[in-house]
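Peer 1: This is what each chain is made of:
Number of protein chains: 4
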Amino acid sequence: MLPLYRLTISCPDKTGIVAAVSNFIAEQGGNLIEANYHTEQDSQWFFMRNEISFSASSFQADDFQQQFSSLAEQFEMLWQLIDTRTAKNIVLLVSQHSHCLADILHRWHSGDLAGEVVAVISNHNTLCDIAQWYNVPFHHIPVTQGTKQQANLAIAKLLTGYQTNTVVLARYMQIIPASLCDAYSGRMINIHHSFLPSFVGANPYERAYQRGVKLIGATCHYVTSDLDEGPIIEQDVVRVSHRQSKDDMLKNGKDVERVALARGLQYHLEDRVMVHGRRTIILE
Amino acid sequence: MLPLYRLTISCPDKTGIVAAVSNFIAEQGGNLIEANYHTEQDSQWFFMRNEISFSASSFQADDFQQQFSSLAEQFEMLWQLIDTRTAKNIVLLVSQHSHCLADILHRWHSGDLAGEVVAVISNHNTLCDIAQWYNVPFHHIPVTQGTKQQANLAIAKLLTGYQTNTVVLARYMQIIPASLCDAYSGRMINIHHSFLPSFVGANPYERAYQRGVKLIGATCHYVTSDLDEGPIIEQDVVRVSHRQSKDDMLKNGKDVERVALARGLQYHLEDRVMVHGRRTIILE
Amino acid sequence: MLPLYRLTISCPDKTGIVAAVSNFIAEQGGNLIEANYHTEQDSQWFFMRNEISFSASSFQADDFQQQFSSLAEQFEMLWQLIDTRTAKNIVLLVSQHSHCLADILHRWHSGDLAGEVVAVISNHNTLCDIAQWYNVPFHHIPVTQGTKQQANLAIAKLLTGYQTNTVVLARYMQIIPASLCDAYSGRMINIHHSFLPSFVGANPYERAYQRGVKLIGATCHYVTSDLDEGPIIEQDVVRVSHRQSKDDMLKNGKDVERVALARGLQYHLEDRVMVHGRRTIILE
Amino acid sequence: MLPLYRLTISCPDKTGIVAAVSNFIAEQGGNLIEANYHTEQDSQWFFMRNEISFSASSFQADDFQQQFSSLAEQFEMLWQLIDTRTAKNIVLLVSQHSHCLADILHRWHSGDLAGEVVAVISNHNTLCDIAQWYNVPFHHIPVTQGTKQQANLAIAKLLTGYQTNTVVLARYMQIIPASLCDAYSGRMINIHHSFLPSFVGANPYERAYQRGVKLIGATCHYVTSDLDEGPIIEQDVVRVSHRQSKDDMLKNGKDVERVALARGLQYHLEDRVMVHGRRTIILE
Numbered sequence: 008m009l010p011l012y013r014l015t016i017s018c019p020d021k022t023g024i025v026a027a028v029s030n031f032i033a034e035q036g037g038n039l040i041e042a043n044y045h046t047e048q049d050s051q052w053f054f055m056r057n058e059i060s061f062s063a064s065s066f067q068a069d070d071f072q073q074q075f076s077s078l079a080e081q082f083e084m085l086w087q088l089i090d091t092r093t094a095k096n097i098v099l100l101v102s103q104h105s106h107c108l109a110d111i112l113h114r115w116h117s118g119d120l121a122g123e124v125v126a127v128i129s130n131h132n133t134l135c136d137i138a139q140w141y142n143v144p145f146h147h148i149p150v151t152q153g154t155k156q157q158a159n160l161a162i163a164k165l166l167t168g169y170q171t172n173t174v175v176l177a178r179y180m181q182i183i184p185a186s187l188c189d190a191y192s193g194r195m196i197n198i199h200h201s202f203l204p205s206f207v208g209a210n211p212y213e214r215a216y217q218r219g220v221k222l223i224g225a226t227c228h229y230v231t232s233d234l235d236e237g238p239i240i241e242q243d244v245v246r247v248s249h250r251q252s253k254d255d256m257l258k259n260g261k262d263v264e265r266v267a268l269a270r271g272l273q274y275h276l277e278d279r280v281m282v283h284g285r286r287t288i289i290l291e
Numbered sequence: 008m009l010p011l012y013r014l015t016i017s018c019p020d021k022t023g024i025v026a027a028v029s030n031f032i033a034e035q036g037g038n039l040i041e042a043n044y045h046t047e048q049d050s051q052w053f054f055m056r057n058e059i060s061f062s063a064s065s066f067q068a069d070d071f072q073q074q075f076s077s078l079a080e081q082f083e084m085l086w087q088l089i090d091t092r093t094a095k096n097i098v099l100l101v102s103q104h105s106h107c108l109a110d111i112l113h114r115w116h117s118g119d120l121a122g123e124v125v126a127v128i129s130n131h132n133t134l135c136d137i138a139q140w141y142n143v144p145f146h147h148i149p150v151t152q153g154t155k156q157q158a159n160l161a162i163a164k165l166l167t168g169y170q171t172n173t174v175v176l177a178r179y180m181q182i183i184p185a186s187l188c189d190a191y192s193g194r195m196i197n198i199h200h201s202f203l204p205s206f207v208g209a210n211p212y213e214r215a216y217q218r219g220v221k222l223i224g225a226t227c228h229y230v231t232s233d234l235d236e237g238p239i240i241e242q243d244v245v246r247v248s249h250r251q252s253k254d255d256m257l258k259n260g261k262d263v264e265r266v267a268l269a270r271g272l273q274y275h276l277e278d279r280v281m282v283h284g285r286r287t288i289i290l291e
Numbered sequence: 008m009l010p011l012y013r014l015t016i017s018c019p020d021k022t023g024i025v026a027a028v029s030n031f032i033a034e035q036g037g038n039l040i041e042a043n044y045h046t047e048q049d050s051q052w053f054f055m056r057n058e059i060s061f062s063a064s065s066f067q068a069d070d071f072q073q074q075f076s077s078l079a080e081q082f083e084m085l086w087q088l089i090d091t092r093t094a095k096n097i098v099l100l101v102s103q104h105s106h107c108l109a110d111i112l113h114r115w116h117s118g119d120l121a122g123e124v125v126a127v128i129s130n131h132n133t134l135c136d137i138a139q140w141y142n143v144p145f146h147h148i149p150v151t152q153g154t155k156q157q158a159n160l161a162i163a164k165l166l167t168g169y170q171t172n173t174v175v176l177a178r179y180m181q182i183i184p185a186s187l188c189d190a191y192s193g194r195m196i197n198i199h200h201s202f203l204p205s206f207v208g209a210n211p212y213e214r215a216y217q218r219g220v221k222l223i224g225a226t227c228h229y230v231t232s233d234l235d236e237g238p239i240i241e242q243d244v245v246r247v248s249h250r251q252s253k254d255d256m257l258k259n260g261k262d263v264e265r266v267a268l269a270r271g272l273q274y275h276l277e278d279r280v281m282v283h284g285r286r287t288i289i290l291e
Numbered sequence: 008m009l010p011l012y013r014l015t016i017s018c019p020d021k022t023g024i025v026a027a028v029s030n031f032i033a034e035q036g037g038n039l040i041e042a043n044y045h046t047e048q049d050s051q052w053f054f055m056r057n058e059i060s061f062s063a064s065s066f067q068a069d070d071f072q073q074q075f076s077s078l079a080e081q082f083e084m085l086w087q088l089i090d091t092r093t094a095k096n097i098v099l100l101v102s103q104h105s106h107c108l109a110d111i112l113h114r115w116h117s118g119d120l121a122g123e124v125v126a127v128i129s130n131h132n133t134l135c136d137i138a139q140w141y142n143v144p145f146h147h148i149p150v151t152q153g154t155k156q157q158a159n160l161a162i163a164k165l166l167t168g169y170q171t172n173t174v175v176l177a178r179y180m181q182i183i184p185a186s187l188c189d190a191y192s193g194r195m196i197n198i199h200h201s202f203l204p205s206f207v208g209a210n211p212y213e214r215a216y217q218r219g220v221k222l223i224g225a226t227c228h229y230v231t232s233d234l235d236e237g238p239i240i241e242q243d244v245v246r247v248s249h250r251q252s253k254d255d256m257l258k259n260g261k262d263v264e265r266v267a268l269a270r271g272l273q274y275h276l277e278d279r280v281m282v283h284g285r286r287t288i289i290l291e
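Residue numbers (the working numbering), protein chains in the order written: chain A, 8 to 291; chain B, 8 to 291; chain C, 8 to 291; chain D, 8 to 291.
No lab work stands behind these hints, which were simulated from the structure alone.
Keep in mind that a hint or two might mislead.
Note: identical chains are not told apart, hence a pair may lie in one copy or across any two.
Derived pair list, reagent style DSS-like, types lysine-lysine, alpha-carbon separation capped at 27 Å [what the hints assert, rightly or not]:
(1) 164 with 95
(2) 95 with 253
(3) 253 with 21
(4) 258 with 95
Quick caveat, the model's predicted, so the values are computed rather than measured.
Given these sequences and hints, build the entire structure.
Peer 2: This is how it looks when you write it as structure tokens:
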């Protein structure tokens with residue numbers, strides 16, 4: 008297997024970026040496996056993702072980075088070179104609902120997830136056995152009114168300890184403090200059980216039922232300190248009718264949550280998501 | 008063609024309603040072509056729709072109604088017997104967007120709509136020629152700051168004059184006064200160009216773009232004096248991506264608006280929609 | 008909890024069936040929790056499903072059945088009275104793909120499945136540990152060219168031993184002999200990984216890729232001796248593009264398979280599916 | 008408005024194509040408004056679409072083409088430079104169903120179609136008035152058993168006369184001769200009223216009903232001499248249930264046909280569709 012790298016770039020749009028980047032990659036002996044780019048007309052901002060294999064055994068990522076820097080400077084690029092051989096450590100935060108946890112663990116176990124699940128953290132003990140069956144360490148950190156701050160510190164410490172790349176809130180029902188949101192900005196993913204911006208906050212299925220909507224949905228988004236307001240990565244919906252009770256909605260909603268979270272997480276792990284203000288560019 | 012009637016019923020749930028109604032219909036020589044009912048568990052409320060053909064040439068709707076009254080009283084029913092041979096007069100209110108108007112007129116012209124389009128009213132002259140091609144009277148009632156009240160009175164008068172059964176706001180961009188909303192309660196249908204309750208109010212596509220949602224939608228609902236808050240009849244969505252500009256969203260949204268309005272309107276015209284608080288029961 | 012029963016009926020359509028059945032249920036002290044019926048216009052055939060709670064502690068199912076028989080005879084009904092307290096035993100047949108198995112076991116374990124998974128049978132040992140984690144007996148019955156008949160006998164014996172109500176082929180890649188298909192007619196469910204009737208038979212994703220379709224799907228259907236031709240219970244699709252390789256299709260297809268199977272199986276276990284020739288009536 | 012061009016390319020994949028093309032465009036003073044490319048891994052084939060604005064008033068398409076030729080030769084490219092200011096002439100062939108015709112004419116009239124409808128040809132007179140309202144010439148060319156060949160010659164002559172770029176079979180119920188298919192290869196688009204490859208040929212809704220499928224669909228594809236086997240551009244589906252009669256399916260299907268045709272046609276007119284064997288690459 009040849010070393011496979013991803014080069015992601017965002018910068019102000021300008022004539023000649025694609026040519027310059029493609030030239031550079033070719034000169035370094037890189038072969039484009041996949042390449043996507045997008046220019047947002049409104050902001051005149053440019054986004055690019057390249058998947059590159061290097062045939063030369065002599066290839067040195069450090070050299071590439073050093074030499075690319077001057078090009079990057081010229082175009083005012085935000086950029087990253089990612090070695091796909093370095094696994095991304097994922098920590099899952101859960102409460103008592105098992106459907107998203109079980110789904111992600113199964114995808115990981117089947118080799119369908121582009122990352123490594125290294126730990127599960129929960130404020131309840133309920134899902135301990137699922138994690139253990141997959142041989143994933145499970146940490147029970149109870150959260151009560153008085154111990155909130157302490158609990159969040161413990162979580163932060165665990166995340167650091169596990170060299171966590173990506174945090175997934177797989178129906179974790181607690182508020183994340185702003186400090187943690189910031190520390191994992193663009194790397195902490197939540198699944199909200201409604202089609203945002205509809206039904207921000209608590210009890211979305213109950214409120215969807217009361218409002219009499221004809222479709223219910225789920226939203227996978229990056230977490231910011233502003234609850235349910237982070238950039239959306241993926242959404243999906245399913246049709247409901249008057250025949251569905253609140254409980255039926257909750258049950259049917261689980262399938263949508265699972266799929267929206269799994270898709271959004273996969274885009275993220277494959278470095279396809281670029282955040283631009285409150286919008287995301289998905290370079291698939 | 009045998010006379011075809013619809014009997015719609017809603018009442019508190021009780022043992023024996025279906026039996027009593029079915030018995031009554033059978034005794035009157037009625038044959039059930041289609042029958043649907045639903046009990047809402049929360050409120051213990053019962054909804055029923057029967058499509059009945061009467062073979063006896065001697066059938067008299069008046070007699071049926073008189074005799075059914077005592078049964079209806081016993082079960083505290085809200086009910087209606089509808090002769091399907093009486094066409095439902097539809098008046099369309101539009102502004103400058105043609106897509107919904109053209110779609111409904113074409114469905115009507117093709118014989119696919121369960122009602123009669125009798126007039127088009129608009130605050131602009133733009134869509135006059137489409138209406139005229141279908142030989143539908145077109146009324147231009149301009150609305151300016153100073154003439155609003157006058158305009159609404161003129162509209163009300165036209166609606167009365169046309170013996171209007173159903174009013175359709177096919178992207179009519181003006182506020183409807185509470186008095187008109189009340190007069191046509193449960194018979195005035197709006198198409199809102201967002202997936203409600205997301206993006207209530209003006210410029211939903213612009214706001215959907217800014218929020219970075221991954222699906223855009225449309226909502227067909229009954230009009231109440233509370234803007235965009237009426238009972239939802241039908242909704243639909245279509246996937247969008249970062250590649251769609253605001254203009255693309257607007258263009259793609261048209262297809263969703265057309266279909267959601269057409270489906271919701273058809274349910275209404277076939278007497279399939281029963282309003283229960285803010286929810287609708289669609290007995291299809 | 009009051010005893011809850013389901014009464015399912017199919018018979019030639021005739022005036023007065025609903026009245027007669029509803030009357031009978033009311034007379035027996037039954038309270039309709041949910042009731043659905045449908046008349047197929049083409050064949051003039053009538054289908055009905057009633058969910059009934061009986062308040063009288065003295066209620067005897069045997070008496071009900073005996074007394075209902077004469078009514079049933081009069082209308083030439085095929086009918087069944089099902090006690091919902093009697094769990095339905097489900098046996099899953101699998102090969103090496105885990106996604107459908109893991110999904111059903113998780114739903115069952117979460118209390119979301121209207122039946123009891125009592126055993127897993129497989130021609131491979133691969134999925135043994137998943138079954139065992141859920142404390143479900145796992146039977147490895149290898150199938151080779153020479154042992155096919157013997158294996159099928161062993162399967163038949165196990166199914167009998169487990170007093171199996173419903174057999175689920177959760178991506179079991181072997182042909183089921185006609186004798187087994189007949190023995191479990193209307194109770195053996197398969198998930199086919201294509202949108203039937205497209206891509207009947209082997210390698211549907213490969214063929215979907217070659218044909219360049221823009222949506223791929225999955226079909227949940229009853230098994231008959233005629234491969235992939237049994238009555239369809241549920242189908243679903245997901246959009247694909249030229250960007251998806253065959254492997255991507257296979258991976259994305261898993262999500263559709265899971266959901267189509269889960270929905271179809273649930274309809275079946277709730278006695279909502281009535282087979283009429285090659286068509287199914289889903290009384291939800 | 009600056010002149011806007013599209014450059015579409017397909018060729019064997021090779022390192023450096025993107026760099027070479029981007030360099031060339033930049034050297035010619037071109038600014039990339041939108042660019043997409045795709046490499047098909049199976050065949051190692053490369054596809055590219057560039058939307059370019061040229062700021063220099065001195066820009067000459069001829070010069071560009073001449074100079075690009077040597078680059079194209081080097082990479083064995085199939086390529087095209089398209090001036091977006093040259094309108095694409097569209098001729099619609101229809102029979103008696105109006106829904107697709109009315110939809111396309113309305114989109115064109117609203118300025119939402121990237122081409123010019125220049126004529127409607129039909130084997131019936133039914134839809135003459137719709138065409139005329141839009142001031143589009145209507146040609147009635149009846150087709151009988153004896154006059155088939157003559158009719159097809161007349162059609163071919165009209166297509167030539169109108170300098171037709173794209174032919175749309177908007178529910179034209181006649182077989183197109185191989186000679187015409189070849190003459191408009193990659194430029195003749197059909198809408199088939201099923202989710203291909205399901206229900207190839209006649210009466211797809213009837214057969215979908217008989218097979219008891221749970222979703223019906225429509226397929227927009229290029230026409231080849233092999234009936235319903237041409238490369239698929241776009242497909243869509245809509246859910247149906249046992250409650251839909253054959254007539255309901257036909258009615259609901261119309262909405263899917265309209266949308267699938269409109270989307271596929273728009274992709275084609277915007278030069279986003281690249282045919283590769285039986286597959287299409289949609290560079291959106």
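Peer 1: Hint by hint, say whether it matches the structure.
Peer 2: Quick rundown of the hints versus the structure:
{"no.": "1", "hint": "164 with 95", "verdict": "within (18 Å within a copy, 48 Å between copies)"}
{"no.": "2", "hint": "95 with 253", "verdict": "between (38 Å within a copy, 25 Å between copies)"}
{"no.": "3", "hint": "253 with 21", "verdict": "between (52 Å within a copy, 22 Å between copies)"}
{"no.": "4", "hint": "258 with 95", "verdict": "between (31 Å within a copy, 20 Å between copies)"}
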